[in-house]
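Working from the sequences, and respecting the hints, build out all of it.
Chain order of the listed sequences is A and B. With UniProt numbering applied, the first sequence covers 1 to 168. With UniProt numbering applied, the second sequence covers 1 to 302.
No lab work stands behind these hints: they were computed from the structure. Just so you know, not all the hints are guaranteed correct.
Taking lysine to aspartate or glutamate and the DMTMM-like style, the derived pairs with C-alpha atoms no more than 25 angstroms apart in a straight line are [as the list claims (entries may be wrong)]:
hint	chain 1	residue 1	chain 2	residue 2
1	A	58	A	29
2	B	188	B	65
3	A	162	B	67
4	A	58	B	167
5	A	58	A	47
6	A	58	B	123
For the chain A half of the interface with chain B, some residues (derived, Cβ under 7 angstroms), not all of them [what the hints assert, rightly or not]:
hint	residue
7	64
8	67
9	115
A partial selection of chain B residues facing chain A, derived with a Cβ cut-off under 10 angstroms [unchecked claim]:
hint	residue
10	42
11	53
12	79
13	124
14	126
15	130
16	151
17	152
Every residue, glycine too, gets a C-beta built ideally from N, C-alpha and C.
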Amino acid sequence: MSEQNDGQRFDRLPETPDERTVEGRVSREEVLEYFEDRFAIPPATFDEHTFWEKGAGKIWIYCGDAPTPIEIEAMGMTCLRTRQEHWKPTTDFAQRFGRHAEACVIELEREEARAFAAGEDQELEWDGDWGYLIAGHRIADGLEPLGIGLYVHGELRSMVPKGRQREL
Amino acid sequence: MEPLERYRPIVDDFEAFLAACRRPLGNAVRINTIKASVERATAALEEESVAYDQADWNPRVLRLETDSPGSTWASFHGFTHGQEEVSAVPPVVLDPEPGERVWDACAAPGGKATQLSALMNDEGTVVANDSNLGRISALRFNAERLGATNLAVTNADARNYSLQRFEFDAFDRTLVDAPCSCEGTIRKNPDALEDWSEDHLASVSGIQKGILRRAVQATREGGTVVYSTCTFAPEENEEVVQHVLEAEDCRVVDFHLDLEYAPGLTEWDGEEFDETLEHAARIYPHHNDTGGFFVAKLEVTA
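So this is what it looks like as structure tokens:
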């Protein structure tokens, strides 16, 4: 376990913690467990995808061909921040895969969704777990994920990054 | 508009062409089917009372009647992506299949690369390359916003692009949407012709030839290469394809496109081109009320 993460390249995650060779690196199994335990996203959702680490704790999801390791600019999208106490999914991941989630999804009314998309924090009722939630709203006959919010002390904090925020 | 005078002999109804070039272009978006079907995306726009007009040749291309196409819920969710109508043509002509390996040699800011991903149902591999590191961030941003998980981004000069970084040795299809003098974007960028010169055409033409040659080499036998620009200059269009026909193993092939366009040229300024260049498409602004574009489709023969 002496190897360290190399921030300049993408390394594919090991299948299980037992196969880990780089200190602190999560495994595919743990990533799938997290998405299932926290958001009830079925692991089979990701059967065609591989997970990679580039930059300490930054996990990427990809479904194309690539050898490991590989030094390129990007592959697929960043999906999860690990190597910290509370793992944090990305806005782009929530928008792409959040429709598969059945837990920790907070449904917002239109005005609340507007504030969320603008990056604002707001006081909201929520009976479920605290921590990172997928925020969604009803659009075109379906619940559509907006992004990730952090729910603490009766407040939903929008985690939509600045570049993705919009005044709608 | 003066540099465009040189096209008077080759453009049908030249006055209509000039008049169209002077008219500003409206806002168009492409529906990103990775995130929403055409039905769902249009339903979202209707809920927001954003009027749209679906393009006859491609139901995924909408002309929006709003000044801020980026400030809709449809855009926030990545259901739509701002993209000029003719800019959606080259990926349709390349016609990639799910599961294939596709190279977009000059991909930033990523409108066409993500369109390729969508046409492939986000399956297979799209290698989106650009030589300009400054433009890579826009490419990455768009790929992530639109949810393209089959897309890998590289930063290299396409003219000597190495496939060693991947495990395969050829692409099934390649798009070369080449850097060009951008004459055809005059309706969007009124300054497009400001730095125009024949010397500039000559230098950019050299780069285009290098990229297209490498694209043919990097694509498997029987594979497809599409060459496109947003310019009218034959030096950057037919002349580039002619050069590559002579230097590499490939041929020009016909394609079907439900848009009005003129055939490619077989001669310009005393120079003759292969007669198959007639299969290329010259899309002029007055044809479909769009920007200008050139597209040629090549088949790799060895």
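Comparing the hints with the structure gives:
no.	hint	result
1	A:58 - A:29	holds (16 angstroms)
2	B:188 - B:65	holds (16 angstroms)
3	A:162 - B:67	holds (22 angstroms)
4	A:58 - B:167	holds (24 angstroms)
5	A:58 - A:47	holds (20 angstroms)
6	A:58 - B:123	holds (23 angstroms)
7	64	holds (3 angstroms)
8	67	holds (5 angstroms)
9	115	violated (13 angstroms)
10	42	holds (9 angstroms)
11	53	violated (19 angstroms)
12	79	holds (8 angstroms)
13	124	holds (7 angstroms)
14	126	holds (7 angstroms)
15	130	holds (9 angstroms)
16	151	holds (7 angstroms)
17	152	holds (5 angstroms)
Hints 9, 11, counting from the list given before, are not met by this structure.
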